[in-house]
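Keeping their order, the protein sequence lines are chains H and Z. The opening position of the first sequence corresponds to residue 0 in numbering that gives the first Met the number 0, with each subsequent residue numbered one higher. The opening position of the second sequence corresponds to residue 0 in numbering that gives the first Met the number 0, with each subsequent residue numbered one higher.
Read the hints as simulated data drawn from the structure, not as lab findings. You may find that some hints are simply not true.
[To be verified] The calculated label-pair distances, taken between Cβ atoms and stated as ranges, are:
no.	chain 1	residue 1	chain 2	residue 2	range
1	Z	D198	H	L108	35 to 45 Å
2	H	L88	Z	Q464	54 to 64 Å
3	Z	V368	H	R72	37 to 47 Å
4	H	V135	Z	Y16	16 to 26 Å
5	Z	N405	H	W146	19 to 29 Å
[Stated by the list, open to error] What the simulated footprint calls covered on chain Z by chain H, stretch by stretch (three residues with Cβ under 8 Å from a Cβ of chain H suffice, anywhere in the stretch; the number is not a length):
no.	stretch
6	22-36
7	168-175
8	392-403
9	427-436
10	475-481
[Unchecked claim] Now the stretches of chain H that chain Z is said to cover, found in silico as 3 or more residues with beta-carbon under 8 Å:
no.	stretch
11	41-49
12	136-146
All residues carry an ideal CB built from backbone N, CA and C; glycine is no exception.
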Amino acid sequence: MYSRDYRDIVSGGVLTVFGAWFAWYAITHYGRGTMTNVGDGLFPAALGTILAFLGLAIVLAGLRREGSKFGFRFREPVFVILGVAGFALTIGSFGLVPAIVVLTVLASLADLNVRPLGLAALCLVLCLLVYLIFVVGLKLAIPIAAWPHWE
Amino acid sequence: MSVLSNIALGLSVATSYSNLLYCFLGVMVGMLSGVIPGIGPLTAISVLFPLTFYLPPTTAVIMLAGIWYGAGYGGRIAAILLNIPGTPIHAVMCLDGFPLANQGRAGVALLLTTTAAFVGGSIGITLLMLFGPIVADFALRFGAPEYFALMLFGLIIASTISEGSAIKALAMVVLGVMFGCVGIDIYTGTPRFTFGIADNPISLIALAMGIYGVAQVIVSINAMDPTGINMMAVTGTTKPTAEDLRRSALPTLRGAALGAFFGILPGAGTLIASFLSYATEKRLAKEPQRFGKGAVEGIVAPESADNAAEMTGFIPTLTLGIPSSPSMVLMAGALIIQGITPGPALMNQHPDIFWGVVMSFWIGNVILVILNVPFIGIWIRILMIPYRFLYPTVLVFICIGTYITNYTSFDVWTVVFFGVLGYLMMVFRFPAAPALLGFVLGPEMEDFFRRTMLLGNGDVLIFFQRPISCFFMVLVFAMVPLIIWSVVRESRQAAVRHALH
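Put together the whole structure using the sequences plus the hints.
Right, here's the structure in full:
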């Protein structure tokens, strides 16, 4: 236990800063307009301001009470996110099969019991499944595998 | 048109060969997404969403809706057998479901909850059929001020009845509306908050997949162990005793009533309904100490509430055009892409869509009962597949589903961004559903606000001069002290609640 709820103090603080920045950016970059003809900056500016105050309220409430310990897990989020990012990087230039393999291998590393043979089998099954559903079944125009060509 | 001819029209649409097929596909996928922890109906709907581009609008909604209520049936299996909720809605099911399984009565628990789900669902569909047309008729009178006031009211309600802190949920609503601002402003053509990266608005699918799908997968990895399932307990005794039936009857009906009410309200309607119905049964019980040790009331009431809420949630979505949950957002989106706007006009202009979809719910619920009673063993086998094979599969479908909506890897990067955000929101205990509702309703609210201002010559009082919008605005202002009070109460009680977590 912490004497203060740091979970809320940190997150509320981040929201306050983000809201204030959002409002400031809207005011300085977009038009306010008139009340009859509302401009493109008024709504975002109002939203940013509201979020900043809500964030502040979360911080204040967090200061007044005790909070439980909290922490991040690293293995699971990092490998899952890396996997999705790997897919985003490869799908456009290398095609479906390389992207699926990159995603499956990276994401599987998040599991504590990952084994090479099972992983290889999973890659194979997933490529086949996706090929059957999306390429054969739905006839989508995604290249299965391609040599990179960057424009 | 009379009710009977509407029902006949709906049945003729729903029983067409292709609609039956996609209804079956929908509830199968929905069951699957419910059974496997870490995938909810929203992820499954997002994955199958691109398929709807190739389907007629009615068929598209029949399939997506099938996923939505199918997951309601599926999520209880993991809760009862593994003490892990298949979807967050089923968290409360673990409390008495898992003890029942430990007593070797898993089969009874599964059968009773299937019955409760069917009863709750049937009551929900009946109410949808009765009240849908009435609400749509009433809403024909709505103009821009009414819609703005109603959406504002909806978003405030969504944050107050969301799980956890009301103020955090409200902050997420606002954050969602802010993400909705990104893109080209429809009045002036200014690209807002795009920073020259891409002028398109943020993809709804990518945002939903990130905040919900990826984040759910991350927290489910290394967290479940299916080796504990005792197959004998499931296939052994499945016959409920007379005592079980007597105890289940009233809680099932009470759950359905609570669920039907909360389902209409936007936000976490289904979640709140299932939690509240559990609490209600515990309070009403003669021996509340039985709860938590395998009380059948504690599993049938939430299951019935959940399924009733899933059905009545279609009332605001189809008749007002205001989606009541993130999954409903995607169903409304599937119609909009096909050029059909869900709202009061839908029932008059496309009665075949409304009644066809509603009648398909009856068919879907019957299919689900069949899938859950004789074929329950198949789902348990699926649950026993190690999660290390399941979650990469889910991620592959998430990525491909996102990619093929626009064929751009930018959308997949959006998933990465919102996946990180979604995980952080879970760590810091911010609910995701309000953010998604805000994201969808936000741009519409801004549009309605600006139209109202044009209409009223810049006078904000116009919201109070029209009776219907005035009614909702008064409700909104009445909620403000309620929220402030709940924040004060939270800061006092939080220490106690955090200790329980």
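A quick look at each hint next to the structure:
Distance hint check: the CB atoms of D198/Z and L108/H are about 36 Å apart, consistent with the given range 35 to 45 Å. A hinted range of 54 to 64 Å for the beta carbons of L88/H and Q464/Z is consistent with their spacing of about 55 Å. Between V368/Z and R72/H the C-beta distance comes to about 39 Å, which sits within the given range of 37 to 47 Å. The hint said 16 to 26 Å for the Cβ distance between V135/H and Y16/Z, and at roughly 22 Å that hint holds.
Our hint of 19 to 29 Å for N405/Z and W146/H holds, since their Cβ atoms are close to 24 Å apart. For the stretch 22-36 of chain Z, the assignment as covered by chain H is violated, since 0 residues bring a beta-carbon within under 8 Å of that chain's beta-carbons and 3 are needed. Beta-carbon proximity to chain H at under 8 Å applies to 4 residues in the stretch 168-175 of chain Z; the threshold of 3 is reached and the given coverage holds. As drawn, the stretch 392-403 of chain Z meets chain H at 8 residues by the rule of a beta-carbon pair under 8 Å; at three or more, the given contact holds.
Residues of the stretch 427-436 of chain Z with a Cβ under 8 Å from some Cβ of chain H number 3, which satisfies the need for three, so the listed coverage holds. Look at the stretch 475-481 of chain Z against chain H: 0 of its residues bring a Cβ nearer than 8 Å to a Cβ of that chain, fewer than three, so the hint is violated. Under a criterion of three residues with beta carbons nearer than 8 Å to beta carbons of chain Z, the stated coverage of the stretch 41-49 of chain H is upheld, 5 such residues being counted. For the stretch 136-146 of chain H, the stated coverage by chain Z is satisfied: 3 residues place a CB nearer than 8 Å to a CB of that chain, which reaches the threshold of 3.
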